[in-house]
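With the hints as your guide, set chain B onto chain A.
First to last, the protein sequences are chains A and B.
Position one of the first sequence corresponds to residue 360 (my numbering), numbered consecutively onward.
Position one of the second sequence corresponds to residue 2 (my numbering), numbered consecutively onward.
Fair warning: there could be bad hints in the mix.
Just some of the chain B residues that point at chain A, by a computed CB distance under 7 Å [to be verified]:
(1) Phe101
(2) Gln158
(3) Glu167
(4) Ala170
(5) Ser173
(6) Val264
These are calculated hints, taken from the structure and not from any lab test.
Built from N, CA and C at the ideal position, the CB exists for glycine as well.
The lines below spell out each chain.
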Amino acid sequence: MSVRHRSANGGRTRVRAAVPVLIIMSLASLSGAQIAHADPPPPAQTMTAAQARGSGSAVGVTKHSEQGGQVLELQLPPPRISAVGLSAGEQGRRATARYLDGASNGAVAIADGIGDPEAGLLIRFPDGSQSHTALAGVAGAAFAADGSWLAAVDGRGRLWRIEATTGTASQLTSGPYTGSISFTRAGELLLVEAASIEAPFSSVVVRFSPRSRRSVVVDHEEGFVFSASELTDASVAVTAHVFGGGVEVRRMTGGPSERLASLDPRAIDASLSDDGSRIAYSAGGTVYLHDVASGSTKRLGRGEMPRVAHDGDSLLVLRDGQTALLAADGRQLDQFATATVGWASCEEGCQP
Amino acid sequence: MIARAFIGLSFAVAVWLGSAGRALATDDYTLPFYDPAISLSYGVDRDPRSCYQRDWANVLWADCNLHYGRVYDGHTGMDYPMSLLSPIASSRDGTVIDLFEGFGTQQFGINGNYVLVSHADGRRTLYYHLAQNGARVAVGQTVLAGQWIADSGCSGQCYGAHLHFEMRAVVSGRWTSVDPIFEQRFTTSPGRVPFLASYLRESNSGTEVIKRYTTVTHWVEFVNAGGRTWRNNINAGRVLLGTWNPATRASAFRAIDWPSSWVATNVDQTSVPPGYVGRFTFGLHAESPPGGYDESFNVLSNSLRWFDWSRLGSFHVPITVITNTRFDDP
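Next up, chain A with everything else stripped away, as it sits in the complex:
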């Protein structure tokens, strides 16, 4: 087995081993959300649309008007990582790239490799120009409201500020954060902080101010937090495996949290509509849609990684390396040939 890792001088080396070798992204500091050691910024480069085409690294973006909003379908260069021995579903998950976020100006943030410690952050602009930041193992990114910069978490759990037009990175904190990242309307970041980036079984939701670079814990309940996001009423929805129990979605408005839903104890990849009224998730390779008001859960069939539309009436689902658009009743509305498909930001139109 051969794997790449970065040597001390930043160059690439090849390591061969007779036994299974694992390369694990390492942690930064365990001392909380402070920079214990300011790591050098990762290199960045920009390309015009013509340069991107010439180098074979151009990312194509096709917009589709669908029920629930604009769907962005990304056409990407060939895979960089081997998918030998992986199931079709896992190959789809590890497709060359992953859509991370879309900006109000039409820019798209992409992780250019899942499961590849050398992968980085790619920003593709509407005119076809691109910037690339060698942010190893990027796990999550979110555009600021004006689209001028984005916050990104790398594979070591560090939080970076990336200037959108240049890809230039500067470290905000060392975390470690687990990759769930979103902006609130007040311009703060919601992040999930863990003690360990390799085994983040216990984590908390924090609200981080990019201006003051300080964070406060939003939710003190002990658990294994998967994600946190702000809802339209400014409350915060947290999806977490509750310590010793199952998976819950809770809503916090400042006081004690309110349970929105109890999901399947094996639920993963939960995705909420903007108002939190609908929750899609997968469990054991099956996708479900939970309606909070009625408390009912509908089984939508085979699939993984559901991403519910802003209004909650439709969802994108990964199936065998492709993406299906499903209605809330499970009917298939459309089919896309790639796994790299996502919803455009609501500013671009939540309804077609």
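Chain B only, in chain A's frame:
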């Protein structure tokens, strides 16, 4: 036989040499798997600073590089590469207090599957990157040291199947990762698997010649090379000698003292701590026609796990049944 004797002698010497360093060890945790061939790829980083790494031997690296076999920067546990779906054992008696098993067995991402066990000394052990539905226990369940609790996987931030084993303790009022190797919580560095035996000797290392319709007594001794005490008087964790090749086969040489058709005996002693010798005494009764036979046996921990047969010197008893002129036709 000579080979078996050599293995036994070698191990006895090794046990004697190893006992010198064991005085400092607490012996209260074992490695969380059964295969003694599995070795550590990365241990705990005991330096909290980014890009400073201190391993269990107090070696310090002022860099961010991976140091295979020792440590990587910021690592909170111990990584043990192993095949997918390998058995994972509890490293000490305890109670399962949390688990999650919803991620795919090889699903890459930040989050993965795990089992968390609480122990009587106030510590917790974490078993991470497990297979989907890979927990073999439930929350609230009591588990024993060496009990098969989960199957390994590669869920979460994982680039090759392995177990991330983490010991956690309250330090300065806060749960934090500690290094069991540095603390000598294990018998030796890098520790012992819970159940392992090494052949030492037997009552007759040649062929047992048994007159048909009669019984001979045979005994075999194995060194307890694992990290868990062998017992013979409690159900869970009791260590037995059973038939092998194939396992649990009804033996044609079962004597009246056998507990069942395939269990020759429990270990003779009430308690055999790690490093001590356990003896298994059992009868071999010949009903079979005169001729040559071979009976294979292996050790197992009751309800838990068969031992590694190859480590027993591939223990078997050659048997020759001879005519009993009192009952057989000449």
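Now the hints, each set against the structure:
1. Phe101: At about 5 Å, which falls below the 7 Å cut-off, the nearest Cβ of chain A leaves the hint on B:Phe101 intact, so it holds.
2. Gln158: 5 Å, holds
3. Glu167: 6 Å, holds
4. Ala170: 13 Å, violated
5. Ser173: With a closest approach of 12 Å, the B:Ser173 hint is violated.
6. Val264: Hint on B:Val264: violated, closest Cβ of chain A at ~36 Å, above 7 Å.
In summary, the numbered hints that this structure violates are 4, 5 and 6.
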